[in-house]
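Since the structure of chain L is provided, determine the placement of chains C and E on it from the hints.
Chains as they are written, first to last, in full-length UniProt numbering: chain L, 1 to 280; chain C, 1 to 280; chain E, 1 to 280.
A portion of the hints provided could be inaccurate.
One copy or any two copies: either way a pair holds, since identical chains are not told apart in the list.
[Said to hold, decoys possible] Simulated pairs of lysine-lysine, PhoX-like, Cα-Cα distance not exceeding 20 Å:
#1 245 to 178
#2 245 to 182
#3 121 to 214
#4 121 to 210
#5 204 to 94
#6 231 to 178
#7 178 to 214
#8 94 to 182
#9 214 to 231
#10 214 to 182
#11 182 to 121
#12 204 to 121
#13 121 to 178
If you're looking for bench data, these hints aren't it; they were derived computationally from the structure.
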Amino acid sequence: MTMPMTSLSFTEDTMFEARLIQGSLLKKLVDAIKELCTEVNWDISNSGINMQSMDGSHVCLVAFNLRADGFDHFRCDRPLTLGINLGNLAKILKCSGSNDIITMKADDNGDTLTLMFESEKQDRITDVDLKLMSIESEHLGIPDQDYSAETSMPSSEYQRIVRDLSSIGDTVNISATKEGIKFSAMGDIGTANITLRQTSSADKEEENVKIEMKEPVLLTFALRYLNNFAKATPLSSTVQVFLTKDLPVQVNYNIQDLGYVKYYLAPKIEEEDEAVAADE
Amino acid sequence: MTMPMTSLSFTEDTMFEARLIQGSLLKKLVDAIKELCTEVNWDISNSGINMQSMDGSHVCLVAFNLRADGFDHFRCDRPLTLGINLGNLAKILKCSGSNDIITMKADDNGDTLTLMFESEKQDRITDVDLKLMSIESEHLGIPDQDYSAETSMPSSEYQRIVRDLSSIGDTVNISATKEGIKFSAMGDIGTANITLRQTSSADKEEENVKIEMKEPVLLTFALRYLNNFAKATPLSSTVQVFLTKDLPVQVNYNIQDLGYVKYYLAPKIEEEDEAVAADE
Amino acid sequence: MTMPMTSLSFTEDTMFEARLIQGSLLKKLVDAIKELCTEVNWDISNSGINMQSMDGSHVCLVAFNLRADGFDHFRCDRPLTLGINLGNLAKILKCSGSNDIITMKADDNGDTLTLMFESEKQDRITDVDLKLMSIESEHLGIPDQDYSAETSMPSSEYQRIVRDLSSIGDTVNISATKEGIKFSAMGDIGTANITLRQTSSADKEEENVKIEMKEPVLLTFALRYLNNFAKATPLSSTVQVFLTKDLPVQVNYNIQDLGYVKYYLAPKIEEEDEAVAADE
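So here's chain L without its partners, still in its complex pose (with noise of 0.2 Å):
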C-alpha cells in the first residue's frame, strides 16, 4: 500500500539525489559552519558534494567535501551548484531526529532544495522544500603546501583548550616542538601556557597527541576563530592542526567514510613578531 500525502515523487527532473542513513552527520555539518558562512554554493557533481566559502569578515576559509562513495545512494546526472542559505538549512535540520534517515534532492531548474528525513521505523516522515538562492562566487584556488609541523591530538581537547585561553586573551601563539605544542595567550589578568606532550599509550589511538615536524614553528591566531571552528567537534574525535611559518593555519576535521570539513586562518604576521620577540 502506497501512502500518497507526502509531496516527495522522484520524478524524471530529478538530476541530484543522495540518501545518507547516518543523516545526522549532515546536521552537524551545517552546524558546524553556519555561523562563519552564510550563504554559500555548494558545487554537486558525480563524485559528491563540494563547498568553500570565506566567513562573513573575510578572514578565514572554510571548506567541506562529502564523497559520493560516503552516502547511501548518490546520484548527479550533471554537475549543478545550490544556493544556500545556512540558517535556514539549519532550522530545517533542526526537524530531523538524530537517528533519520536524511534524502536530499534537486531538480532541472534548481530553485529548491528538497529535503526528507525518515525516522528509523518508518512511521514518521517529514519532506521540506527549501529555497535556493543565487549567490556569486569565486572559486579560491587552496595550494597544497608542504607544512612545518603536521599535528594530530583529540577534537575535545582542541575545543577545551581554545575555550579555556579565550577567558585570558585574545590571541594565542601556537608552538610546536619534537616534544609537544604549547598554546599560549597573555591578558590583563595574567599569562597561560597549556602544553600538551606527544603521546602513544593511549588506550585509543585516537586519544593520542601527534607530531611529525619538519622545523620548529611558532604562529599567532585570533582565539576568536579558532575557536569557532572547534564547533566540528561532534563530527571527529580528532582533529589535525597543520601549522607553517607565515602560512594559514589548517585545522582539518574527518568525517569518517564520509569525507571532511577544513577550516583555515592566516596568522597574525605583525603581532607574532612581537610575540617572538617578547618569548626569546
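Structure of chains C and E alone, referenced to chain L:
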C-alpha cells in the same frame, strides 16, 4: 511524640482537604496551564476539582478535572470556589520535592489555600498559605461533539512536531486521512510536511499512532497555541487530538487514575480555505 | 627526557609552593566565595593558607582555612600575603580539568602567583601567571562564642531550602527547638514554613539533621546572603548552622582533610522582633 512546629491543623473549620501521594502531578498540571491562564477559579465539590478558563487573549479554552477518587484522601463538605493566581501557586509548588506528598486544605472563609508538602521519609515538612482572590468568571458550556477524526499519538511526538514546525512558520495545516496525520507549515524559508503513519506494531501500546475517522479533514491553527498545549507532555505519555471541520480542535491529555487536562482552539477559517485552495 | 617547554621552574627565589592532588577543591573554594568578595588577601604561613574578608557591601564576613598538612606538598619559608582578584583567579581555574593536580607558587617579590595544572596522565600541563595586587585590609577578630543552637544538615537540603524560600520572600526566620529547625518566609503571595525534624536514622551519617541546643532561638536573616553561602555546597556534604540570639549566624562548610569555609551574617534585629510578635 507529636511535633508542634507545623501550623497546619485540620480543625472543625476545614471544609476541603485533599491528599495526593504522587504530588508531582499537581505541580506538572499547574505548569501545563499557567502560561495560558493567570487567574482562574477552581470549582471544588465532593466529586473532585474542576477548572475551565479562556486564555488571556480569549483565543483558546483550557479545562481540567481531577476526580475525588483519584486522590488518596478527599473531603469536601460543601461546594466551594477558590480564586487562584496560577503563577503564585506555581512558585509555591516549586518548593515541593519531586517525591513529596501534597495535601491541600481550605476552610469556610476561603481566603487562603493551605498546601503541605511532606518528604517521603517525613523528615521535611513544608506548609504554605497561598492568598486567594475573588475572580469573576462565567461558566462556559462545552458541548459534546462528534469529531470527524479522533487521533492518538505519543505526547512527545506531538510536542516535537509543533516545536519543529514553529521554526518554519506561524500556522500549521493538520490533515487526517485513513493512512496518517499530516502537519504542514509554510514560511519564508520553505515549506515542511511531517506525516505520521497509523501504526499498531509499537512495543508499547501508547507509542502507536491511531486514527479513527468518519471523514477526511483539513484544518489550520496558530502554532503558538498548539506549542503551548505541549507543556502538558509530562502529564501523559499519549495525547488525543480531535478534529472536526470548522470546529475547535481538542487536545486532550489524560492523567492516569486522576483526571485530564484539555485544550480547545478554534481553527483559522479564512486561511484554511486559502490553504485548501493552495493544496489542491 | 625533560621537557623544556613549561616556564615553571622552582628556583631559589620560590618561597611559597603548595601542591594539591585534588585540585578541584581549590576551584570549588574560589567559586564559593568569589561573588561575595572580589579582592582579598590570602595570608600564607607554614601552617597553611587563610583568608578573611567582609563582602563588598560590608554585611557578611567570609573566612577560609586550608591547612598545610591537607596539601600533598606545602612549603612556605616566610609568611607572605598575596593580594588576589578572585574573579580573575576563577577565570584561570576554569582552565583546570576536574581531575587536575594543582600547584601554586609565589616568590619573594610577590607580584605574581603561578599556578600549574597537570592532567592525571601528565600529558597536558597548563601554567598560568596571575598578576597580584596590593590590597588594604584590616584583620577582623572573630571572637569564639557559645552558640544557643548548633545544627547540622545535608548541605543540599540547606541549599534547596534557602533557594525555595527566595521565591516567596526576601527574609527568613530561622527557629530551632529540640524537635527541629524551622525556616519561614513571608511575601505578597503568602507565607511558607519549611521544617526539618531531627533525625538519626539516615543511611549515611551526613544525611541526618542534628540539633544540639542550650535554648530555643529565633532569628531573621536576608535570604540573599544565605543563598549565596550555598555556593559552597560542592565543598561538603553537610553544613553546620550555628545560631545565637542577637548575634551573627555562622554557616560552616568543612572541607574534608583540608580545612573549612565559614560565613557570618548579622541578624535583622528590628524585623526579627516584628516577626516574633506576628508569630505569637
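Taking the hints in turn, this is what the structure says about them:
Taking the shortest alpha-carbon separations for residue 245 and residue 178, only the intra-copy value of 16 Å comes in at or below 20 Å, while the best inter-copy value is 67 Å. Taking CA atoms no more than 20 Å apart as the test, residue 245 paired with residue 182 passes inside one copy only; the shortest distance there is 15 Å, against 58 Å between copies. Proximity of residue 121 to residue 214 under the C-alpha cut-off of 20 Å is found in neither arrangement, the shortest distances being 52 Å within a copy and 27 Å between copies. In this assembly of identical chains, residue 121 and residue 210 lie within 20 Å of each other by CA distance solely across copies; the values are 16 Å between and 42 Å within a copy.
Neither within a single protomer nor between protomers do residue 204 and residue 94 lie at most 20 Å apart by alpha-carbon distance, with minima of 32 Å and 27 Å respectively. Proximity of residue 231 and residue 178 under a CA criterion of 20 Å is satisfied in neither setting, with 28 Å inside one chain copy and 43 Å between copies. Taking the shortest alpha-carbon separations for residue 178 and residue 214, only the intra-copy value of 9 Å comes in at or below 20 Å, while the best inter-copy value is 68 Å. For the identical chains of this complex, residue 94 and residue 182 are inter-copy neighbours only, at 18 Å across copies versus 37 Å inside a copy, given an alpha-carbon limit of 20 Å.
In this assembly of identical chains, residue 214 and residue 231 lie within 20 Å of each other by CA distance neither inside one copy nor across copies; the values are 29 Å within and 50 Å between. For a Cα distance limit of 20 Å, the shortest separation of residue 214 from residue 182 inside one copy, 17 Å, qualifies, whereas the shortest one across copies, 60 Å, does not. In the homo-oligomer, the alpha carbons of residue 182 and residue 121 lie at most 20 Å apart only across protomers (17 Å), although the nearest pairing inside one protomer, at 48 Å, exceeds that limit. For the homomeric pair residue 204 and residue 121, the shortest alpha-carbon distance between copies (14 Å) is at most 20 Å, but the shortest distance inside one copy (33 Å) is not.
When the C-alpha separation of residue 121 and residue 178 is checked against a cutoff of 20 Å, the pair qualifies only between copies, where the shortest distance is 19 Å, while the shortest distance within a copy is 51 Å.
Consistency note: the structure conflicts with the earlier hints numbered 3, 5, 6, 9.
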